[in-house]
Each structure stands twice: as structure tokens, then as C-alpha cells.
Amino acid sequence: MSAVTAQTEPAAWIVLGREGDAAVAVVLDALGAERGREWIAAGERTAWIARHESAGARWVWADTTLWYPALLAEGVRVARCHDLRLCHAVLRDSAAVTDAAQLRAATAWDRSPLVDPRADIPTLFDLDAGPGPAVLPTDADALLAEFGRQRAAVAGSAAPGALQLLLAAESAGALVAAELRAAGVPWDVAVHRDLLTAELGDLPVGGGTPPRLAETADQVRSALGDPGLSLDSQPKLLRALHRAGVAVESTSRWELAEQRHPVVAPLLEYKRLSRLYTANGWAWLDEWVRDGRFRPVYLPAGVVTGRWASTGGGALQVPRQLRPAVRADPGWLLVVADVAQLEPRVLAAMARDTALADAARGRDLYEGVVASGAVATRAEAKIAMLGAMYGATTGDSGRLLPRLRRTFPRAMALVDDAARTGEDGGVVSTLLGRSSPPPSEAWHEAQSRAGDPEATEADEVRARRWARDRGRFTRNFVVQGTAAEWALAWMADLRGRLAAIAPVDEASAAPASGPVFARRPHLAFYLHDEIVVHTPVERADDAADAVRAAAASATRLLFGDFPLDFRLDLRIARTADKDG
DNA sequence: TACTGGTGCGCG
DNA sequence: AAAGCGCGCACCAGTA
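According to this note's numbering, the stretch in the first sequence is residues 4 to 583, in order.
No lab work stands behind these hints: they were computed from the structure.
Please note that the accuracy of each hint is not assured.
Unchecked claim - The calculated lysine-lysine pairs, modelled on DSBU-like cross-linking and capped at a C-alpha distance of 30 Å, are:
| hint | residue 1 | residue 2 |
| --- | --- | --- |
| 1 | Lys385 | Lys274 |
| 2 | Lys274 | Lys239 |
| 3 | Lys581 | Lys274 |
| 4 | Lys385 | Lys239 |
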């Protein structure tokens, strides 16, 4: 069948799915009308996709993790896609969608992606192998039906433009997540090992506890006069502390630090070393770093706010202590950039609070808040602003909030309204239309039970607490979620700019980054408000320019001409360490 | 043996 | 034991 080659206008969308045992591509025009189908032989799939990609196709698939890793491994980059699984989740819950009944009924799309964080090579989703591990619909007609539902939901929504933008950003994020894993974080194993040895001593050859950890544990045991104590059991440790006269209610670091007792110093040191050893020690290196790359699995929208989660290797918890091990390949550099005070800036822009924007523009936002006269010091400004976004009610933070409300009434009204809506059981939404999940059945029951004439004091206390808990969640949801949208827009724009930078020649290649990224700047790490780009030395300035331009572009896309800049702390360096 | 919940700590 | 949001992971203890 040659319906695709016969057509004259370029395809608007190409849906990739299955029909019976065969892979099939369904070509749609801009209105979503089918213009043709083509069956693709298994061995020709990659070449077919590459050919249509260069003609400007936009791909529609059930789940980016099913298709894209294999394409990347074979050297094919994709510019745009529509991830049906991720978009389904957004539209199903969005308050902007007028009638989500059909989407809610399509429960086959309510699935998590199948990912194996330990897999070295991305597994090819084999359309020829039958249903196999597929947990999402793969049949082309099922995909077409879902795509139709989604298009109808957007078109009939209260905010088609914003939702369109959100779906595009979400899908681009899915591409970025796959690309981050394919390229990997350049990781210098020697630096990491040296750091472990310096802290923990040489790893015993036959296994066993590292010497510095063992010595520190012995110091703790002798300070407590308990030679057989197991330090890794919280209940046992707590009892031993009490026996030794240390009046703590927990074994957490901050509480121990307030005590004056000889056990405190070695115990805190033990906790620090133990954490390093168990979370990011030699075992972690062996399991997660191969060929000089750490390849975490990112889960776009893994958090209800739209933030990413990760699985395997603790990708989003790499301790700052290990940042020196994030090191560019020889002949390459890192562009390390993070956004200064992303969330308060997002709050200022989405609330159109010009006073807060004035405080933020061209400078450290917290210094600007001090300059506004609302608070006296930068530390106060920070704690007050975080308290406003997290819902603090007591302590320094709670005490400073009224002053923030006077100075920045619009911004504070936005988060206060979100909190009230949440406490009342309502749903809140981000700038682009991602909505918070509704309260659980148990939550509603607790609220109605408290309203009952027979309600006990305990019923009422619990209902109030749950209501306030939910209010803090929705208060933060609007800010955290919109910040995630800004970050998605930043990365989506950046990946296009980086792809447009001329590749370097073969002599400068970094093959561990895979065929798509071996010769050009690429994203290597992402964490909520910061990114790392790995770039050939001779392209580092271009890459840094791209990072800055993408941030400006994301700001314009989300907030138009609202007068606020999103400042980047950006440096070009060998390592991701602050002092590197 | 395979769970689940609690605790603690890493990240933003 | 955080006051105040969102996560993942290691470890232990209790249970099925």
C-alpha cells in the first residue's frame, strides 16, 4: 500500500500502532481525518520512521517509553510526538475539560509505564511478538479512538490553547526523559571511588564493613557503653540513648545535634558515613554506572503536580557531595544551569503581582523582598516566601506572613485562594490546566461525619486536620505544578535548539552518549529547576546561549510579556560541582 | 518468603 | 520532631 507516498500534502500526524500482527502507521491530516495507512515490515521500522521524521511528521504513540528508546539506540531522533498515555492523564483530570466522561471511561489508558531501571539497553517494544508485556492498548484503531477523544476534549474545553501547550510540553518531556537516559550523566568513577575511599577507607577485599564506618560505629558503642549495639535499628539505638541519659524523642540528626553528650559527634558522623555507604557507595557504582554513564529512569509527570519522579538509582537524590563525579568527557564540558527562585517567580507571574515582579526583576528575589520593606533580612524573606507557598502557620514563617500579604496581596491571594478551595474539597489547576486530584472518599466521609450532630470531638479534630492538610497541598500544587510547566517548556525549547547546533567531527565524539548525541551538545541531567548539558568544548558557548535563550522563550510562552525575568545561575565547567 | 508501615535522610 | 510542600530509597520490625 502506498497511500503515504501518494499523498501530496505532508502528514500532520502519524499514529503508530498495530493491526493484527503487523505494525501499521496511520496518516492523519491536520483535522484528524485519516489520509492513509501503511503496514511496515519489522526490519524496516526504524528506517521508515527516520524517513518520515525528516519529512516533518508528528508521531502519535501509546507511550514514548515503548518506542523512543529503541529509536534512539538506532540513531533516530524525533522532533515532536503526542504521548497518549501522558496526555490522557492530563485531560482526564483537567478541570478545563468540559466533559471528561469518555476519557474517564477509557480506563485502559490509566496505566504506569513499563520500565526496567536496571536494563542496560532500552528494550525494543516488539510489535511482532503479540500482546506480550503490553499494558496499554496497542491496536491502531484503539489509538485512533483515544486520539480522537483527546482532540475532542481539547477542542471543547474552556482553554484549548493552554491545554494544547500543556500536552505538547508533556509529550516533549517524554522525549527528553528518554533522551536523558540514552545519553546518560557522564560519571567519573575514579573521582567517585576516591571520594568513597577518603571518607570510608579502602573497601575490604572480601566484603564487609568499610574501616572508617566500623571505627566510627565502635566509638558510638563505647560512648554509649553498649558493645553489642546495632546502630541500624532505630528502636534499639533510641533505647540505648535513653539508657545513656540522652533525652531525645527520635534519633534524627537535628534533634541529636541539640544534645551535649560524647555520643553525639561520632553518631552524627556514623549516620553520614552510613548514608554514603548504603545509598551511593561501591554497590551503587557497580549497579548504576556503566561505561562512564549514570542512566537513571525518569518518570515524566510521576508526581501529581506534574513534576517528574524517577526510579532506580535515586536519580533525583544524588547528593551534592557527589557532584564532582559528574564530569564531562575529555574534550567536552558541562553547562550547569539552575533557575534562581523558580517557584516564587512563577507565583509572581501567574498572579500578575507586579510588586513581587518588581522585587524579583534583575536580582535575587529575596533581596528584592527585603528592599520592598516587607522583611528585614534575606533569610526572613526566604523563610516567609517558602511558608507562603507551603502553608506555614506557626513559627517565624507564620509570623512573617501578614507582612508578605500586605506587600504582595495578589500573589498571596492566589495561594490563599488555592488553599481555601482545597480545604473545601475543591480542585485547583496550574496555569496550563493540570488539575489536582479530587479528595478521596475517606476525606469526604471524614468531613461529613464531622458535620453530623452525633460527631465526637475526635471526628471534628480529624476533619479539620485533614481539611488543612489538603489546603496545604492545593496551595502548593498551583505553584509547584506551574513551575514544572515552566521547566518543561524550558527543556522542550532547549532540546530543539541543541539539536540545531552543528555536530563536531568524529575525532571529538563521545560514543558513550549514543549515536544521536555523540557529536553534539545534549541534555544530560534534569532536576526540577536545574539542568546539565554535556557539550563538546568547541560548542560550549553555543550550548550556553541555547540554555539562556530557551529560558527566555519558556517565560514568554507561559507568561507573555509580563515584566519578569527568570534568572539563571549558569556556569561552564568540567564538573557539576559548584567549585568545579 | 513477601508484604507493609515506620523512621530517617538525600534531593528540589 | 519539624514548624511547612513534593518525592525515592535503605533499613528494620512486624505480620501474613
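Quick rundown of the hints versus the structure:
1. Restraint check for lysine 385 and lysine 274: satisfied, since their Cα atoms lie roughly 29 Å apart, inside the 30 Å limit.
2. Of the supplied pair hints, the one linking lysine 274 and lysine 239 holds, its CA atoms being roughly 15 Å apart against a limit of 30 Å.
3. At roughly 24 Å between alpha-carbon atoms, lysine 581 and lysine 274 fall within 30 Å of each other, so this suggested pair holds.
4. Distance restraint check for lysine 385 and lysine 239: the Cα-Cα separation of roughly 38 Å exceeds the 30 Å cut-off, and the hinted pair is therefore not satisfied.
In the structure shown, a violation is registered for the earlier hint numbered 4 alone.
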